[in-house]
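Protein chains: 2
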Amino acid sequence: MSSYNVGILGATGAVGQQMLECLQERDFPVAGLRLFASARSAGKTIEFKGEKVVIEEATPQCFKGCDIVLGAAGDGIAKELLPHAVEAGATVIDNSHAFRMDEDVPLVVPEINGEDVKWNKGIIANPNCATIIGLVPTWPLHQAAGVQRMIVSTYQAASGAGVPGMRELEAQIAAMGKGEPMPEPSSFAAQLASNLIPQIGGFKYEGFTSEEMKFQNEGRKIMHLPELRVNCTCVRVPVLRSHSESITLEFERDITLEQAREVLASAPGVKLVDDRDAADAHDRFPMPIDTSDQDLIWVGRMRRDISNPNESRGITFWCCGDQIRKGAATNAVQIAQLLVK
Amino acid sequence: MSSYNVGILGATGAVGQQMLECLQERDFPVAGLRLFASARSAGKTIEFKGEKVVIEEATPQCFKGCDIVLGAAGDGIAKELLPHAVEAGATVIDNSHAFRMDEDVPLVVPEINGEDVKWNKGIIANPNCATIIGLVPTWPLHQAAGVQRMIVSTYQAASGAGVPGMRELEAQIAAMGKGEPMPEPSSFAAQLASNLIPQIGGFKYEGFTSEEMKFQNEGRKIMHLPELRVNCTCVRVPVLRSHSESITLEFERDITLEQAREVLASAPGVKLVDDRDAADAHDRFPMPIDTSDQDLIWVGRMRRDISNPNESRGITFWCCGDQIRKGAATNAVQIAQLLVK
Chain A
1 MSSYNVGILG
11 ATGAVGQQML
21 ECLQERDFPV
31 AGLRLFASAR
41 SAGKTIEFKG
51 EKVVIEEATP
61 QCFKGCDIVL
71 GAAGDGIAKE
81 LLPHAVEAGA
91 TVIDNSHAFR
101 MDEDVPLVVP
111 EINGEDVKWN
121 KGIIANPNCA
131 TIIGLVPTWP
141 LHQAAGVQRM
151 IVSTYQAASG
161 AGVPGMRELE
171 AQIAAMGKGE
181 PMPEPSSFAA
191 QLASNLIPQI
201 GGFKYEGFTS
211 EEMKFQNEGR
221 KIMHLPELRV
231 NCTCVRVPVL
241 RSHSESITLE
251 FERDITLEQA
261 REVLASAPGV
271 KLVDDRDAAD
281 AHDRFPMPID
291 TSDQDLIWVG
301 RMRRDISNPN
311 ESRGITFWCC
321 GDQIRKGAAT
331 NAVQIAQLLV
341 K
Chain B
1 MSSYNVGILG
11 ATGAVGQQML
21 ECLQERDFPV
31 AGLRLFASAR
41 SAGKTIEFKG
51 EKVVIEEATP
61 QCFKGCDIVL
71 GAAGDGIAKE
81 LLPHAVEAGA
91 TVIDNSHAFR
101 MDEDVPLVVP
111 EINGEDVKWN
121 KGIIANPNCA
131 TIIGLVPTWP
141 LHQAAGVQRM
151 IVSTYQAASG
161 AGVPGMRELE
171 AQIAAMGKGE
181 PMPEPSSFAA
191 QLASNLIPQI
201 GGFKYEGFTS
211 EEMKFQNEGR
221 KIMHLPELRV
231 NCTCVRVPVL
241 RSHSESITLE
251 FERDITLEQA
261 REVLASAPGV
271 KLVDDRDAAD
281 AHDRFPMPID
291 TSDQDLIWVG
301 RMRRDISNPN
311 ESRGITFWCC
321 GDQIRKGAAT
331 NAVQIAQLLV
341 K
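In the order they appear, the protein sequences are chains A and B.
Letter 181 of the first sequence, counting from 1, is numbered 181 in the UniProt record's numbering, and no numbers are missing.
Letter 77 of the second sequence, counting from 1, is numbered 77 in the UniProt record's numbering, and no numbers are missing.
Looking at chain A on its own, in the form it has when it is part of the complex (with noise of 0.2 Å):
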């Protein structure tokens, strides 16, 4: 087997040491690795396999001799440097939302769309966490019965605004819990610990968000299905990494309850736990708690929506997945399998 040598730009992100996690447990075949951030991390070390990386300051010319570039910067250092990243040969996976919806650039869920890295042009792009962690479970059910239609409610972690989100949660979690003074939010627009805030990114399109926008726009280019139609709702919970998403979609032809569980019991990705009767919750229905750290995404509480005029073609779930693994690192990491097998 070939070995290759691997960048990350970020390295030092929640998403970029998920990355490093994720290499080294998929044993990504790495001949050399390489770890890029900003100037004021250059020259610590990160640990790899047993081994002290240097991280280099990110620039334009660091990344001669790469052969893939993972990319878990935000979205104006993505825009800025992988182009040249691409100019030295190498492959980029980017996890921003800067190439995402550019014509030239495929954007990859491995399970749903794998077959599309083969045309990129030098960049595949990783897509938005909120809308892998609903995909994954929405697309076997596509290729089942035809979706057409999703309404999703996002219960969405702090992790996915960073380690700095995540902080921010606790340390207002740690004020809460000693009775101290709440410290002022920055990484959200309002406090969180105890609370809910139900906008994510700005807004875009006749009110919804840049987020909520996302889903169904990267929806319909990753399930190539440019008149899905989406209505997403994103709101940011108290929860540390795990995003949630209460999702109910209309389909083009029939599918019973027992087909739709059928088909998602040995979906690629997902985890069905959906035991009405289990005494222990943790065996009833996926719960964030229970899903971080790994990378499934897990799907319960399947049943028909009895809500739509037409019985047997709507179906309304709940999935739990880690925003941080299978929303970013570890969908990048399997885009980078699917390149080198």
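It is possible that some hints are incorrect.
[Unchecked claim] Selected chain B positions facing chain A (in silico; Cβ < 8 Å):
no.: 1; residue: A174
no.: 2; residue: L196
no.: 3; residue: R220
no.: 4; residue: H224
no.: 5; residue: L225
no.: 6; residue: R229
no.: 7; residue: R301
[Stated by the list, open to error] Below, simulated EDC-like cross-link-like pairs (lysine to aspartate or glutamate); rule was C-alpha separation at most 16 Å, straight line:
no.: 8; chain 1: B; residue 1: K178; chain 2: A; residue 2: D116
no.: 9; chain 1: B; residue 1: K49; chain 2: B; residue 2: D27
no.: 10; chain 1: B; residue 1: K121; chain 2: B; residue 2: E103
no.: 11; chain 1: A; residue 1: K178; chain 2: B; residue 2: E180
no.: 12; chain 1: A; residue 1: K204; chain 2: B; residue 2: D277
no.: 13; chain 1: B; residue 1: K341; chain 2: B; residue 2: E115
no.: 14; chain 1: B; residue 1: K341; chain 2: B; residue 2: D67
no.: 15; chain 1: B; residue 1: K121; chain 2: B; residue 2: D67
no.: 16; chain 1: B; residue 1: K178; chain 2: A; residue 2: E87
no.: 17; chain 1: A; residue 1: K341; chain 2: A; residue 2: E87
no.: 18; chain 1: A; residue 1: K52; chain 2: A; residue 2: E87
no.: 19; chain 1: B; residue 1: K49; chain 2: B; residue 2: E21
no.: 20; chain 1: A; residue 1: K121; chain 2: A; residue 2: E87
no.: 21; chain 1: B; residue 1: K341; chain 2: B; residue 2: D116
no.: 22; chain 1: A; residue 1: K341; chain 2: A; residue 2: D67
no.: 23; chain 1: B; residue 1: K204; chain 2: A; residue 2: D277
no.: 24; chain 1: A; residue 1: K178; chain 2: B; residue 2: E170
no.: 25; chain 1: B; residue 1: K79; chain 2: B; residue 2: D102
no.: 26; chain 1: A; residue 1: K204; chain 2: B; residue 2: D275
no.: 27; chain 1: B; residue 1: K204; chain 2: B; residue 2: E180
no.: 28; chain 1: A; residue 1: K79; chain 2: A; residue 2: D104
no.: 29; chain 1: B; residue 1: K204; chain 2: A; residue 2: D275
no.: 30; chain 1: A; residue 1: K64; chain 2: A; residue 2: E87
no.: 31; chain 1: B; residue 1: K341; chain 2: B; residue 2: E111
In case anyone wonders, no lab produced these hints; they're calculated from the structure.
Please read all numbers here as calculations on a predicted model, not as lab measurements.
Positions of the beta carbon are idealized from the N, C-alpha and C atoms, including for glycine.
Fit chain B to the given chain A structure using the hints.
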């Protein structure tokens, strides 16, 4: 103005305590106040308008002399004791689920079907908290365009499980904040702090829980819409005392976003908080942290449902309301106000 002898059954619980506050705030014409609770609490005192009221043990005989009895106890005690209050000549307004679906019992949200109090035969039922909070803004939109279908995902606070539920969440947050071992859950099926529990009540109909079916069944009765189709997903979130809901409505007749916004701007019981340009998040959309300890349902994030094939017949919004107040105690006292008007 006449005044009335008012009794509260379950006076020591979260809802009972809040009923007392609401009676005072709304200056309800109380001639005499009687407080009923378990033998354990009997003999203790609670202050009302500056005077100490001694708690009496709730028994079948205790209600003699009461004109109005507010029920804030659980289903079992309500079913056992409240018929005796009716026999003793009182009109009962009960917050439990015991009588809500009885044909002889009006189920009332004053902003929606206040006139239904007239046909009571001694008992008027107070609806489920999540139902009240979602219906107050849905009703005026129904009047404008005829609601046919509701898709609801709830974000329900710990207070729905009463004082013990709130104390449990607080204890878990305290443990997290201090880095101490997490206390075992007892009010909830799993740890609620930094988690979500997607089941409220037992499984009842096709995998929907009792709490989810209440939204449909109570909603149909309150709005006099026996054919209303409701798909509800109820989720417990780590928030102390305000419920939030993400609601998508489908209408029989056309309604534009501007019309819907206008309707809600002047709807009784509703406060529209929907200013995308507001610099301060607290003015931009409703959040449970802001809606606690007040009586209105705050509505925001209003959008046309871009997934509805009929573009002028779908509206999506987000709302928050205090579960103990408008979700329970305030609504009951409002019903009492209707009775004596």
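Against the structure, the hints:
Because the smallest distance between the Cβ of B/A174 and any Cβ of chain A comes to about 4 Å, under 8 Å, the interface hint for this residue holds. With a least beta-carbon distance of about 5 Å to chain A, the hint placing B/L196 at the interface is held under the 8 Å criterion. Below 8 Å, beta-carbon pairs count as interface contacts, and B/R220 has none with chain A, the closest being about 12 Å; its hint is therefore violated. The beta carbon of B/H224 is not positioned within 8 Å of any beta carbon in chain A (closest approach about 18 Å), and the interface hint is therefore violated.
Interface restraint check for B/L225: the shortest CB-CB distance to chain A comes to about 13 Å, outside 8 Å, so the restraint is violated. Against a cut-off of 8 Å between C-beta atoms, the interface hint on B/R229 holds, since the closest Cβ of chain A lies about 4 Å away. Evaluation of the B/R301 hint against chain A yields a held restraint, the C-beta minimum of about 5 Å falling below 8 Å. Note on B/K178 and A/D116: the hinted pairing is violated, with a Cα-Cα distance of about 48 Å set against a maximum of 16 Å.
This hinted pair checks out: B/K49 and B/D27 have alpha carbons roughly 10 Å apart, not beyond 16 Å. Note on B/K121 and B/E103: the hinted pairing holds, with a Cα-Cα distance of about 10 Å set against a maximum of 16 Å. A C-alpha spacing of about 11 Å is found between A/K178 and B/E180, which places the hinted pair at or below 16 Å, so the restraint holds. A hinted pair counts as satisfied when its Cα atoms are at most 16 Å apart, and A/K204 with B/D277 qualifies at roughly 12 Å.
Simply put, B/K341 and B/E115 have alpha-carbon atoms about 12 Å apart, close enough for the 16 Å limit, and the pair holds. For a cut-off of 16 Å, the pair hint linking B/K341 to B/D67 stands: about 14 Å separates their Cα positions. Straight-line distance between C-alpha atoms of B/K121 and B/D67 comes to about 14 Å, which keeps the hinted pair within the 16 Å bound. Note on B/K178 and A/E87: the hinted pairing is violated, with a Cα-Cα distance of about 50 Å set against a maximum of 16 Å.
Distance restraint check for A/K341 and A/E87: the Cα-Cα separation of roughly 23 Å exceeds the 16 Å cut-off, and the hinted pair is therefore not satisfied. Proximity of A/K52 to A/E87 is assessed by CA-CA distance (about 28 Å); at most 16 Å being required, the pair is judged violated. Of the supplied pair hints, the one linking B/K49 and B/E21 holds, its CA atoms being roughly 9 Å apart against a limit of 16 Å. Restraint check for A/K121 and A/E87: the C-alpha separation of about 11 Å stays at or below 16 Å, so the hint holds.
This hinted pair checks out: B/K341 and B/D116 have alpha carbons roughly 14 Å apart, not beyond 16 Å. Straight-line distance between C-alpha atoms of A/K341 and A/D67 comes to about 14 Å, which keeps the hinted pair within the 16 Å bound. Of the supplied pair hints, the one linking B/K204 and A/D277 holds, its CA atoms being roughly 12 Å apart against a limit of 16 Å. Of the pairs offered as hints, the one joining A/K178 and B/E170 holds, with about 11 Å between alpha carbons and a cut-off of 16 Å not exceeded.
Among the hinted pairs, B/K79 with B/D102 is consistent with the structure: their alpha-carbon atoms are about 12 Å apart, no more than 16 Å. With a CA separation close to 14 Å, the supplied pair A/K204 and B/D275 stays within the 16 Å bound. For the proposed pair B/K204 and B/E180, the alpha carbon gap of about 37 Å is over 16 Å, so the pair is violated. Among the hinted pairs, A/K79 with A/D104 is consistent with the structure: their alpha-carbon atoms are about 14 Å apart, no more than 16 Å.
Taking the CA atoms of B/K204 and A/D275, the gap is near 14 Å; set against the 16 Å cutoff, the hint holds. Of the supplied pair hints, the one linking A/K64 and A/E87 holds, its CA atoms being roughly 9 Å apart against a limit of 16 Å. Annotation: proposed proximity of B/K341 to B/E111 holds, straight-line Cα distance about 15 Å (limit 16 Å).
Consistency with the previously given hints fails for numbers 3, 4, 5, 8, 16, 17, 18, 27, ordered from lowest to highest.
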